[in-house]
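Q: Take a look at the letters that make up each chain.
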Amino acid sequence: MVKVNLSRRRLLVVGATVATASGALAAIHDGELGAPPQTVRGTVPWEEGAADAPREVAGIDFKFFTNEELVFIEAAIERLIPSDPVGPGALESGVAIFLDRQLLGPYGRGDHFFLGGPWPKGTPQQGYQSRFSPAQLYRAAIAAIDKHVAAKLGAPGFAKLDANAQDGLLKALAKNDLPLEGGVDGKTFFDMLLQNTKEGYFSDPIYGGNKGMGAWKMIGFPGAHYDYLEWVERHGEPVPYPPVGFKGRPGWREA
Amino acid sequence: MVTKLKAVDAVLVGFGWTGAILGQQLCDAGLNVLALERGPWRDTPTDFATGFAQDELRYMWRHHLFQNLADDTLTIRNNIRQEALPMRRMGSFLLGTGVGSGGVHWNGQIWRFLPSDFLTRSHNERRYGKKAVQDLTVQDWGVTYEELEPYYDQFDQLCGTSGKAGNLNGRIQPGGNPFEGARSKEYPNPPMKQTYGPTLFGEAAAKLGYHPFPHPTGNLSQPYVNPLGAQLGACTYCGFCEKFGCGNYSKASPQTTILPYLLLKPNFTLKTECEVLRVELSADRTRATGVTFVNSAGEEFFQPAEMVILSAYVLQNVRLLLLSGIGKPYDPTTGEGVVGKNYAYQTMSSVNVFFDDKIINPFIGAGALATVIDEFNGDNFDHSGKGFIGGAYIAGMVTGGRPIEMIYTPQGTPAWGMEWKHAAAKNYLRSFNLSIHGSSMSQRGNYLDLDPTYRDIHGRPMLRMTFDFPENDIGMSNFLTDRAAEVARAMNPREIKLNRRVGSWSVTPYQTTHNTGGAIMGTNPRESVINKYLQSWDVPNVFSMGAGAFPQNAGYNPTGTVAALAYQAAHAIISQYIKKPGPLVQE
Chain A
2 MVKVNLSRRR LLVVGATVAT ASGALAAIHD GELGAPPQTV RGTVPWEEGA ADAPREVAGI
62 DFKFFTNEEL VFIEAAIERL IPSDPVGPGA LESGVAIFLD RQLLGPYGRG DHFFLGGPWP
122 KGTPQQGYQS RFSPAQLYRA AIAAIDKHVA AKLGAPGFAK LDANAQDGLL KALAKNDLPL
182 EGGVDGKTFF DMLLQNTKEG YFSDPIYGGN KGMGAWKMIG FPGAHYDYLE WVERHGEPVP
242 YPPVGFKGRP GWREA
Chain B
56 MVTKLKAVDA VLVGFGWTGA ILGQQLCDAG LNVLALERGP WRDTPTDFAT GFAQDELRYM
116 WRHHLFQNLA DDTLTIRNNI RQEALPMRRM GSFLLGTGVG SGGVHWNGQI WRFLPSDFLT
176 RSHNERRYGK KAVQDLTVQD WGVTYEELEP YYDQFDQLCG TSGKAGNLNG RIQPGGNPFE
236 GARSKEYPNP PMKQTYGPTL FGEAAAKLGY HPFPHPTGNL SQPYVNPLGA QLGACTYCGF
296 CEKFGCGNYS KASPQTTILP YLLLKPNFTL KTECEVLRVE LSADRTRATG VTFVNSAGEE
356 FFQPAEMVIL SAYVLQNVRL LLLSGIGKPY DPTTGEGVVG KNYAYQTMSS VNVFFDDKII
416 NPFIGAGALA TVIDEFNGDN FDHSGKGFIG GAYIAGMVTG GRPIEMIYTP QGTPAWGMEW
476 KHAAAKNYLR SFNLSIHGSS MSQRGNYLDL DPTYRDIHGR PMLRMTFDFP ENDIGMSNFL
536 TDRAAEVARA MNPREIKLNR RVGSWSVTPY QTTHNTGGAI MGTNPRESVI NKYLQSWDVP
596 NVFSMGAGAF PQNAGYNPTG TVAALAYQAA HAIISQYIKK PGPLVQE
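Those protein sequences? They're chains A and B, same order as listed.
Last residue of the first sequence: 256 (the numbering used here), numbering continuous.
Last residue of the second sequence: 642 (the numbering used here), numbering continuous.
Simulated from the structure, these hints should not be mistaken for lab results.
Glycine included, each C-beta is placed from N, C-alpha and C at the ideal position.
Any given hint could turn out to be false.
Short derived list, chain A residues pointing at chain B, Cβ under 10 Å [unchecked claim]:
1) G43
2) T44
3) L105
4) G111
5) G117
6) Q126
7) L195
8) F222
9) G224
10) L230
11) P239
Looking at chain B on its own, in the form it has when it is part of the complex (with noise of 0.2 Å):
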């Protein structure tokens, strides 16, 4: 038996990020808001507090607050002539549950997109012809920097991001990064300190002729008051801060930044352990009514909203979309379609550099605790006669030094035995590693869609994920990596490692959880989900927020741009929607 609650004005389907800015946000516009997210309540002195936080085994390798896939996985193959299976174990990302989700355990890397960036499709066919893009699906994003900007900025506020401002108001600051884009105001915090390893890695660059400067944080610098009134403390570099939650309130998590605040408000409820299963729509199709949602212990209720803002991870709201009947679905054989179209993710390599002489104390670490380059990324350099477009940032990075995850070994040595315990023992203090973090660019066969097979716990198809890097990527890779390496060799190490990306995808080893696309935002119905406001062309009282709006993902973390993205929808739906609800762009 399915139980009617009373309705509310706008339901959010999941409770991370974007779930806590969208109910903050229209529960100070007055809106009643019920959030529903299907993981527990999680708070900081009970579920990560420091006396216990910093445990490996229990929280990165026994997935202590990441999602069970008992209950919910996913499908995977790297192409459709492949049969999808399973994942059934998480590897290469981890997906997030709970009461702010990825947001309590993400490592605070906070970024903006290069305002070329959200042109791929025209910037590029326009300095190096139509040819440059011609195997791949990447597009226009139908929102520019210079729109996005301020909010931007209001999440920087909101985190207390701590950094150094490399462009203000078009002004190039020394010290920053020269090649983002304006921004309006110095960063609420100054950078953190560097540890010795990104500080070799600024020295080496220096002398190279490139412009290092302080990865931008939401690991915070200094003590610091949000406008929300929320109170963060000082990080000390303890080194377990991504795969897990920071029991020190330094890092900006939905718990530290927003949830102090919405959670005393009378409009607003969340109830927690609730699994939306689809969104329900009217006869026609054209507006959803509500959601239909079960509980934890196997009731059933139909809450009907004005609004219904899907909040949940990407997999999630693409899925949601399928199941529910929302747009067209994207088909890889005719191009046709949009939902599950682009599906993007990152695209990783790494260089691990040895030293004899140089104590490097990995240990001592946070999660976006590095010094960076920005010359290759996006559009920065020259792309012509290289055969791809897009880049990477290169991080000389440490966020810790977790013995059963983070000891590197010189190139050959065996993975166990004495000869492994012996590399193990003399490297683990003398080594760090360069992060190479590069853009994923969408090309036709990378798509989601529902299996035929394979069910969740509540007997819905699961979602099946299909990619592989595109050659464009993997070439774009390995000149990074080049690029990284010859960073690395003005060091002066004894040796180092080049983690190039090789083959096809692979479930198994971690990369990153920065999933994208699918359900992507564009100028029109033909080519995309969503508009610029998130809002879906279909049935336009439903939003769909997060990284399943970008037709292709950048050489950067998603997080900062989900939350720009989050704020100027939350803003439309504010100014101009609730005042007369409907399409928000008309094609």
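Chain A on its own, in the form it takes in the complex (with noise of 0.2 Å):
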């Protein structure tokens, strides 16, 4: 029997033991990174502290963008998700730190992406088409769309432009309208900031993002409940359980 801890999604398959004998089991297996061979005969494999849980954010500090990168993505998300009385804004939710957490780990380096080559440009339809790892496309568009915004609009950089001027130059890059240098597709990149912003706005807190689950009281979902059915007749009445995560909620916890 191969034991494992739960930091088994970190293995990676050359360096596994290949168990094979009847019954033996190795649950080492990642939707991610692959896992070793097994066979499987006359059992149904389970192995005992093997739950492929999540695993929570640590830490406040970036890691992955430089100081200039994080002013950019601090100034881009609260543009796509501001913040107002009706509901918090993805900057004061966490959304810099959550996309940083991501850029550092598998889908940065465009985990479960394929990104061999060749690489001409396609249509519309055919999706995503660059050689950019997330990881790669973000550096290389930050840099690429600071750059235009000194040589054309006069300022140091996209932070520096106040809020109208930031909403048109978001604006440009999702009409795609702004060449930029450096082979970025600035659609491109756009669409993933956008969709990278909302997932961690709205993900579960352990991510990084929807900080105190804020997005989730503004919209009214109570989150990872897993039973429902004594509401399912209650037709149009309010649920009013308050948001929980993978880790409760405060009211769970002495203060």
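Since each chain sits alone in its own frame, please combine them into the complex, following the hints.
A: Here it is, written out as structure tokens:
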């Protein structure tokens, strides 16, 4: 029996021991990184302590973004989802740290993307056709946009523009009206940034965003409840449960 | 170096729904069966326990249970004049991998096709004339609904399908789908309870004179023990079904219905992280000798087998046929050849409905939680003068309220900024979606073949998909979307938003993982790859399961029909083939 700890997701296939004896199992597996082969006969595999639980984002210090990149990101996400009394903005929700950890990890490296060549441009219907991983695209795009701002708009960078000018630039990116240097497709970057910002805003707080489950409170989503059986036929009634995440909610713990 | 292994009676290539069904059936008949699965082992408590299964980011957006495109993807284009480029990121469809595969992260929508769906060419020609189908390459299936009925029922019993029959042995039943083919039995479990959105849809549809009924579902309405002794629990309506594994043993999957039984059988073996590279043929190419596979440690093996059963997803089965040289590849310029022919999909559109005064609570949902009307599916209505064949079911459906994916905002709302945020806050609890689940007819230019440029991690050519929506299907979808809009307006909402099927097929927005065709069934080897028992015309000890067999796709989710065809094939193998191996259908 191969004992596996919770860091097994980092395990690479090449270093793994292969368990092939009948009945033996090595439940080291991973949707992201592959696992050693195993043979199953006469048993239903299960292993103690091997649950594929997600990992919490730790820390508040930025590890992926440089200071210049962070200034750009904080300004941009606050335009994508601004703050007001109706609900939190992306910035105060922790979306910047969410993006930092996503780009530092498997997603940033292009996990589950195919990035092999050749790389012709393609039609809009053919979707993502960049050679860049998400992390590479963020770096290249932020630099290219700030360069464009400095050359054409007379400000040292995107973050120094006023809100209207920032919105105008984001709209130009979204419409692919902004030619950028460095092989960056502005619309591809904008679509990714907007999608990732909404992911950070609305995903479980363990990933660094959705601070205090504020985005869930704003819309009325109760979070990771798993049983609504008694509410199914209570048509039109507000469900009074406060939001709950994988770690529970503040009311569950003593202050 | 290739290691030669000990021969088995049957090798299953891929271990999702059809692999599990064939494994159980053939092992019960005493055969020695080996399943090769290219992905990992997966089980409920380890991989999607209730404590962390409801993770929209990880499962939906980070593709944690899906095929890793870095190892293998396909190339895509809309027509033969374009250069196909790799699908670098999944969107339109979400391919599975691992034990249970798409059967783990499906919605559990269990449908039977209409009797006329199996006669797409002859039925429509007879009723509307040859001109009605002249621009399409649609074919009859070579099997009838009546022949498949016992096997549809077998899958219902396995899953504990929850629903209400509309046609029991020819007698129309109140509360069910009056248009369905005759059932020999009532569903094994009663339908799910309906939440507010589907209930409003049903009331509005009834007001318009339609016959709404609860969607048949593999999300169980009550606890159930299936014929193999597997126990399933009642669904808790958590709203994390499609794209997610069920932590509650409430969704029918290979894991919840077959594996606890099959894995204990002494004549069954499963190997995971083992990818079949090709089917090996005898020198005269009339017989498969086995398969060559490579495991995740890079070791290569030859597995001899008396029978090779392709039980991977459509796209992999077709690719393995092409890579192994089984059957003549299809050529869209001449219409000759069969492998890769008649690739089809599903033609989806939707209508969002927004209320001021009604709290829908969309997060109370399940994969197949819907009230449906079937008046405009298949040939349930007169198509004379409409310019298209086929149709769709229209469903007031609430599968969940996952906020990254499923916030509906009114027409004209920007995708970001303060206006978007306010619209999200205002409408999330007070809106839901009508889904229009349309058929997909085959046409000459839509097909699958091997890509000339791009290769997978093993150095094999990728599959190349050439597809765009036929004019027939755009006409169908527009007509159906208008019908859905009428039901939506009859609910007296504040406003509605029509999301029509416009433009060419794009790989980016999610539509459905209902890819069909390419290894189609039929009555003769000139028009089809496999016979009605899913047996290769060219190499009779090779069988190809799955929706690749569909000559075109009907306006329903495919899994019920995929399973029925698999059970029928298993029955033919056990009752005829193993006694006298050879072609099961003489041409």
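Q: State for each hint whether it applies.
A: Evaluation of the provided hints:
Given the 10 Å rule on beta carbons, the hint for A:G43 holds: about 6 Å separates it from the nearest Cβ of chain B. Interface restraint check for A:T44: the shortest CB-CB distance to chain B comes to about 7 Å, inside 10 Å, so the restraint holds. Evaluation of the A:L105 hint against chain B yields a violated restraint, the C-beta minimum of about 14 Å exceeding 10 Å. Taken as an interface hint, A:G111 checks out: its beta carbon lies about 7 Å from the nearest beta carbon of chain B, inside 10 Å.
Nearest Cβ of chain B to the Cβ of A:G117: about 7 Å, under the 10 Å cut. The hint holds. Nearest Cβ of chain B to the Cβ of A:Q126: about 4 Å, under the 10 Å cut. The hint holds. For A:L195, the shortest C-beta to C-beta distance to chain B is roughly 6 Å, which falls under 10 Å, so the interface hint holds. Hint on A:F222 holds. Least Cβ distance to chain B is approximately 5 Å, under the 10 Å limit.
For A:G224, the interface hint holds, the least distance from its beta-carbon to any beta-carbon of chain B being 8 Å, beneath 10 Å. Against a cut-off of 10 Å between C-beta atoms, the interface hint on A:L230 holds, since the closest Cβ of chain B lies about 5 Å away. Hint status for A:P239: holds, given a least beta-carbon distance of 6 Å to chain B, under 10 Å.
Comparing the model with each numbered hint stated earlier shows that hint 3 is the single one that does not hold.
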